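Asker: For reference, the chains in residue letters:
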Amino acid sequence: MRLSRSSSLVLSLPWLVTFILFWLFPLLYSLIMGFSDYRLLATDFNWIGWDNYRELLADDNFLSALKNTFVFVLGTIPVTTVIALALALLVSRSFRGRGLFRAGFFLPSVTSMVVIALIFTNLYQRGGYIALLARFAGLSPPEHGFLFDRATALYSIMAMDVWMSVGYYMLIFLAGLKAIPDELYEAAELNGAGWWRRFWSITLPLLRPVALFIIVINSIKSFQVFVEIFVMTKGKFDTATAVYFIYEQGLQTQFRFGYASAAAYLLFVIIAVFSILQFVLLRRRRALW
Amino acid sequence: MFRICLLALLALIVTGSSIAAKTTIEWWQFWTDQSVKPTIRAIVDDFEKANPDIKVKLTDLTWANGHEKIVIALASGAGPDVLELGSDWIAQFAATGHLRDLSEHLSLDSNQYQGHGMSTYEGRLYAKPWILGTRVMFANRDLLTRAGHDPEFAPATLDQFKEAAFKITALDKDIYGWGSNTAEKHRLYKKYLPFFWSEGAQIFTDDKRYCVLSSDKAIKALTLYKELHDSCGYVANQRGIEDAFLDGKIGFIISGDWLLKRIELEQRDINLVSTLFPGLRFPGRSFQGGEFLAVNAASDQAEAAVKLIDFITSPEAQVRFCRANRSANPSSKQAQQDDYFQSNLHLQTFIKQMSMVKHPPVDPDWVYIETAIEDAVEEALFGSGLPAEALRQARHKIAALKQK
Amino acid sequence: MVTSSRTGINLLRYVGLGLILVVMSYPLLWMFRVSIMDVAGSVAGSGWLAGGFTLGNYIDLITQAGLGRNLFNSALVGLSVTLGNIVFCFMTGYSLARFRMLSNKLLFVTVIVVLMIPAHIIIIPLYVLMMKTGLYDSYWALILPFLVNPIGIFLIKQYVETIPPSMEEAARMDGASDLRILFTIVMPLCRPALAVLAIQVFFTNWNSFLFPFILTSSDDLRTLPVALAMMQGHQAVDWPHLMAGSAIAVLPVLLVFIILQRQIVSGITAGAVKQ
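Protein chains in written order, with my numbering: chain H, 18 to 306; chain A, 65 to 468; chain X, 327 to 601.
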């Protein structure tokens with residue numbers, strides 16, 4: 018069935034109006050200001066063309082923030098995906114108490130990040146539970162606490178992020194598992210395929226679209242990691258990420274809104290390229306989108 | 065211009081108006097804690113009673129994000145009539161014309177208040193000092209005694225302090241002489257600067273033209289600071305240091321009046337010594353900051369706003385606030401004479417320290433300068449940089465900024 | 327033999343799952359534990375048994391700090407935004423699926439732009455906008471910008487495309503109006519996708535801090551996350567009260583999940599995985 022042009026427009030009106038008013042305007046505003054030296058609070062400014070972008074590409078702080086962001090994204094995503102899948106496999110079959118385990122695994126992902134970050138700041142401190150645990154396992158935890166050491170700070174935040182988000186992706190994997198027809202497994206079992214064989218040749222290939230969906234969503238989210246950094250380290254000990262950099266430039270040290278906007282759009286381009294790559298992959302598999 | 069055009073266009077698309085009653089003024093403040101908020105509310109209620117034609121809208125900000133909200137509001141030409149500002153924010157808002165010049169009014173009673181130096185930008189006064197903040201040195205008497213000091217001892221000079229800190233560290237494996245902050249933003253530099261100033265170093269020359277951050281005195285101060293950090297420091301965030309101090313693991317820490325509040329509320333049992341920050345000669349110079357009250361330049365209720373500020377900063381209201389918050393540093397000299405402060409030895413240390421303090425330069429770029437200094441300290445303590453080299457780099461950064 | 331090895335495997339499974347559960351829920355259990363501690367402020371170093379037990383922190387929050395009002399605000403804003411998304415994302419998603427007014431690519435671009443530009447950059451012009459329109463410091467400021475979101479539209483559009491249009495055509499033959507077809511025939515078919523949408527939107531909104539903090543200032547409009555942020559004082563965190571507040575924020579979510587667990591899982595299946 019084809020809708021008429023006018024009723025289609027009417028149906029889209031709420032979205033068009035709110036999008037144009039509340040999102041398009043701010044987005045264009047910051048895109049345009051990215052070509053100026055505008056500072057918040059200042060009374061005037063100049064148009065400086067691509068200077069902000071040129072400066073960014075030579076700004077050590079920005080480049081190291083980008084590096085940290087990539088470490089964060091590339092480090093957390095495979096781990097989160099694998100653990101989420103493992104958890105989903107563990108609780109997919111029906112057994113007594115399954116609901117409790119599912120709820121327990123899922124709960125961290127819907128708790129406020131600020132609260133989680135505060136709790137983990139406590140757990141990661143010197144003499145805290147995680148240090149005790151590490152000692153128990155025969156490791157020597159960083160003397161000043163996990164968050165106050167360049168070797169461990171970023172990784173500790175990444176570990177928290179994995180802990181927090183696996184439950185949500187587990188749920189999506191569970192959904193994907195549910196969509197796999199039982200007959201496939203039954204047929205494979207009749208042919209004498211063991212658990213590992215069935216997992217490898219049925220579960221995994223059929224979960225591919227779900228996995229890619231998870232990876233896309235999770236990378237978009239992870240590229241924007243901010244709250245954890247803001248609450249836990251304020252970018253110290255080599256933990257400043259791209260969005261933290263943008264926040265600091267725009268709203269903290271010198272209020273360089275133009276510069277921060279340019280950084281935001283540069284980051285946008287990077288994420289977009291990354292996502293389009295994944296998107297192309299997805300479409301080629303004719304899966305999700 | 066383009067920005068304004070965009071906004072004008074927007075205003076055309078969506079017509080709207082904000083309706084404000086003539087006699088309502090808005091005050092943005094940070095004290096949301098249940099121990100103080102009711103007192104703030106009560107002071108405002110009393111103000112409304114005394115001024116029936118003025119109504120005050122009280123808005124709370126959080127310490128973590130309040131500054132952003134103020135910046136965003138002022139940058140949009142909006143914001144409240146009265147603002148609570150940290151001392152280090154005044155210059156940036158004053159320099160861009162977002163604060164009302166209160167010189168005429170404030171100079172009338174400026175000798176009754178401390179702290180005007182922090183709100184004077186280019187010779188004009190932009191904010192009234194309210195609750196100031198300084199740091200004093202706290203020590204654990206039991207550890208001092210164990211280390212062989214007599215019961216009256218408190219370090220007068222930096223050398224004595226260092227010696228005592230080393231002695232305490234030598235007591236036991238889990239005992240530390242000095243609580244040393246990790247690289248905590250907006251905190252670490254406040255710990256270094258008392259050493260820096262007490263050695264006689266300065267950030268800028270007196271005429272403010274040159275940055276002299278890497279002078280010999282500054283290097284000496286950072287070297288001492290690093291030595292304490294490396295050899296006898298219990299390194300953690302401020303909170304962790306205080307916890308360990310209250311648990312009796314640390315000999316000396318620098319802290320503010322909130323530590324006294326904590327000891328009282330949590331009923332901690334510690335043999336506490338408070339003393340003025342040591343120097344080359346006694347005493348040294350501690351760090352000063354504080355909370356100020358200013359009027360938004362865009363406010364059309366300036367008269368009422370100033371009235372409110374005067375009311376809140378009055379000696380009576382300050383004492384009331386300090387009693388509720390256990391604050392030790394009212395800006396009003398009359399309030400400082402109140403029995404409350406005279407009755408307690410530790411509060412007296414704070415009152416005395418207040419006349420032995422320095423504050424960071426009132427500079428619109430202070431947050432940038434602060435970051436440069438803090439990065440240098442961080443590099444010296446946690447990186448591979450030597451104190452002299454780290455300070456030199458920070459000086460270059462600041463000098464480059466000033467040249468622009 | 328068979329049964330005993332079964333039991334063994336079962337036991338092993340429960341032990342393993344139990345261990346994982348401990349790791350996954352430890353911080354939150356700690357949160358609940360601290361929330362009923364009878365101490366002022368500091369909780370450092372106190373073990374699970376130290377610190378006493380009290381429900382006083384919860385009572386303080388409701389009676390003194392007015393957390394009830396914050397809960398109400400969060401629920402009101404959350405439900406409005408969720409409802410808005412269900413209706414409007416559905417309408418737009420449907421019209422995009424059935425009438426390709428905008429190309430997929432354009433929609434995809436709006437999705438990623440909205441997702442990828444950090445809130446700190448958006449919020450400044452948005453603030454100006456709210457001031458100029460008089461929406462600042464009202465529920466509208468917290469609801470309107472989030473009423474329709476491109477990801478939701480995308481989700482619905484994908485889903486509607488899997489539904490054969492024959493039913494709608496038949497209804498039209500019978501003389502039903504567009505709106506009637508939309509809400510009485512298509513919408514019920516989209517229930518699984520709408521469920522996913524609702525859950526995602528509600529949870530995200532429930533924990534949102536920056537926008538409510540910047541775009542409102544009255545006590546009356548304060549949402550739960552903002553109220554929690556206010557519990558962190560100048561130099562100290564009041565742990566027991568903060569944790570009690572956080573527990574209050576988590577409990578409704580936990581309840582919703584336990585009650586709707588089955589529907590959530592099957593909803594996600596239907597919504598996100600179907601081609």
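Incorrect hints may have been included.
[Stated by the list, open to error] If you anchor each label on the Cβ, the simulated ranges turn out as follows: (1) X:G334 x H:W213: 46 to 54 Å; (2) H:T270 x X:M513: 44 to 52 Å; (3) X:T389 x H:I49: 43 to 51 Å; (4) H:G114 x X:A401: 42 to 50 Å.
Hints listed in this document are in silico derivations from the structure and should not be mistaken for laboratory results.
All figures in this text were calculated on a predicted structure; none of them were measured in a lab.
A virtual CB, placed ideally from N, CA and C, is assigned to each residue, including glycine.
Asker: Determine for every hint whether it applies to the structure shown.
Answerer: The hints, checked one at a time:
1. X:G334 x H:W213: 46 to 54 Å: About 20 Å separates the Cβ atoms of G334 of chain X and W213 of chain H, which means 46 to 54 Å is violated.
2. H:T270 x X:M513: 44 to 52 Å: 50 Å Cβ-Cβ, so the 44 to 52 Å window holds.
3. X:T389 x H:I49: 43 to 51 Å: holds (50 Å)
4. H:G114 x X:A401: 42 to 50 Å: violated (30 Å)
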